[in-house]
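Chains as they are written, first to last, in the numbering used here: chain A, 1 to 247; chain B, 1 to 257.
Heads up, a few of these hints could be off.
[Stated by the list, open to error] If you anchor each label on the Cβ, the simulated ranges turn out as follows:
| # | chain 1 | residue 1 | chain 2 | residue 2 | range |
| --- | --- | --- | --- | --- | --- |
| 1 | A | Leu109 | B | Gly10 | 53 to 59 angstroms |
| 2 | B | Leu25 | A | Leu50 | 16 to 22 angstroms |
| 3 | B | Arg32 | A | Glu225 | 46 to 52 angstroms |
| 4 | A | Glu138 | B | Leu45 | 24 to 30 angstroms |
| 5 | A | Ser140 | B | Ile122 | 38 to 44 angstroms |
| 6 | A | Glu225 | B | Gly10 | 53 to 59 angstroms |
Quick caveat, the hints were computed from the structure, so don't treat them as lab data. C-beta: ideal position from N, C-alpha, C; glycine also.
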Amino acid sequence: MIQIIDLACSLNGQVVLDGIHLTVPRGQITVIIGKSGAGKSVLLKHVLGLMRPDRGQILVDGVDLTRARGRRLQEIRRRFGVLFQGGALFDSLTVFDNVAFPLREKTDLAEEEIGERVRYRLSQVRLGQEVEEKYPDELSGGMKKRVALARALIQEPEIVLFDEPVAGLDPPMTNTIFHLIARTHQENQYTGLVVSHDIPAVFQVAHFVAMLHRGRIIAWGAPAEIQNHEDAAVQSFLRGEVNFLAD
Amino acid sequence: MVGRLLRSMGRAVLDWLGALGHATLFLLEALRQAFLPPYRFRRLLEEIHFIGWKSGLIILLTAAFTGMVLGLQGYYTLRKYGSESALGSAVALSLIRELGPVLTALMVSGRAGSAITAKIGIMRISEQLDALESMAVNPVQYVVTPKLVAGLICVPLLTAIFDVVGILGGYVVGVWLLGVGSGVYFSGISQSVVALDVNGGVVKSLVFGLTVITVSCYKGYFTPRGAEGVSRATTEAVVSSAVLVLAWDYVLTSFFM
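If we strip away everything but chain A, and leave its shape as in the complex, we get (with noise of 0.2 angstroms):
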């Protein structure tokens, strides 16, 4: 389980986080939705660790990670697989040497071992042996987050981050994304923190939902609860409203 308490973060002089309350419940999928700038992706990073805040506590089964530093936070790090919003594969390497980096990087398991991982994961996003020895600006966007995909779910993770898995993408591969977000949690139950502004096809694979507004968490809940919220900014997003988007 995750607990964000109180975390409030400040870049350039102007707040992006003031005070968020969240808790992401284990084995659940809890996606934050906000308009683009709303600090979505920063909340993220102070979840990864990739950024300090000014304020707060993120515990991970009770463990600060605002405070922890170099192996205990490589530890903590280390039960973490992310989806990051590009994709973020090293684009020196094959699909099938991206897939199998972290294997390489922190188990021991012999090659063999490592191609049969790899290409079960390859195959659980849907993606077959043509695309191994691709390298990644020879793929579709949406083949990119497929292989992002199974990267990140390489090394059967607790929690999974999803940073605006399917921005850029067209809605059939929207909804295949979410369908394969949806089918890897299904077998793999693994704790899922998705950041998105994809409304309402984020719906399809979240558990709760929590709105980010102006720095600070105005409503969470189910999906059927979010999309009844009464609060105006809510209701607002969820229409796509344009004086709201200008907000």
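Starting from the structure of chain A, add chain B where the hints point.
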């Protein structure tokens, strides 16, 4: 007016000192990581291939023409004083003490340093460095340290190649084209070049190599967002490397003279 000028100059100096301190800490961290496991020999070989082997041709060409120009200029200058016999000595000392280390560092900066900054910068803006960190892989150890160690190995070797090829270039012009005696050319070299000259050249090449690779990695690692950020970082890396190499050259020359 004067106060504002002084304030802005003071701020610029403080910013510069801050960046220098930051870059020094970055260098120390990268060197510290070289002694911590896992030891990445494969990555080191890849970087030696990129920084050293792939710079070979440009070093050969630059060295040959530099030596030839030195032979030509040196011959006509020395002839005025009837000292053509000192041509070998003049070419070799110029190359070993100054031109070899400096021009090698500038060539490595232009060919490999700029590519290093651009590559690390793109890794930064496309979140590849964040991805490494998220996998509990230290990005400094994985990306920067092998380049730094490769630079320390390759730049002195490339400098040595530069010196030898440059001396041969001077030989081609001086001996084959202008008629200086072959024995005179080489005996001049053996009589004038002493260990201090060679040691000075080696020390310079090590310092220049470390400077060029550190600046290139640092500028890439802390590149601002966007394609423009990478472009600016790459330009700054090459310009800063060149200025620092020349400044270091003055300091080290005054130390070895």
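Verification of the supplied hints:
1. The supplied range of 53 to 59 angstroms is met by Leu109(A) and Gly10(B), whose beta-carbon atoms lie about 57 angstroms from each other.
2. For Leu25(B) and Leu50(A), the Cβ-Cβ distance of about 19 angstroms falls inside the hinted range of 16 to 22 angstroms, so the restraint holds.
3. At about 51 angstroms, the CB distance of Arg32(B) to Glu225(A) agrees with the hint of 46 to 52 angstroms.
4. Separated by about 26 angstroms at the C-beta atoms, Glu138(A) and Leu45(B) satisfy the suggested range of 24 to 30 angstroms.
5. Taking the beta carbon of each, Ser140(A) and Ile122(B) are about 20 angstroms apart, not inside 38 to 44 angstroms as hinted.
6. With their beta carbons about 57 angstroms apart, Glu225(A) and Gly10(B) fall inside the hinted range of 53 to 59 angstroms.
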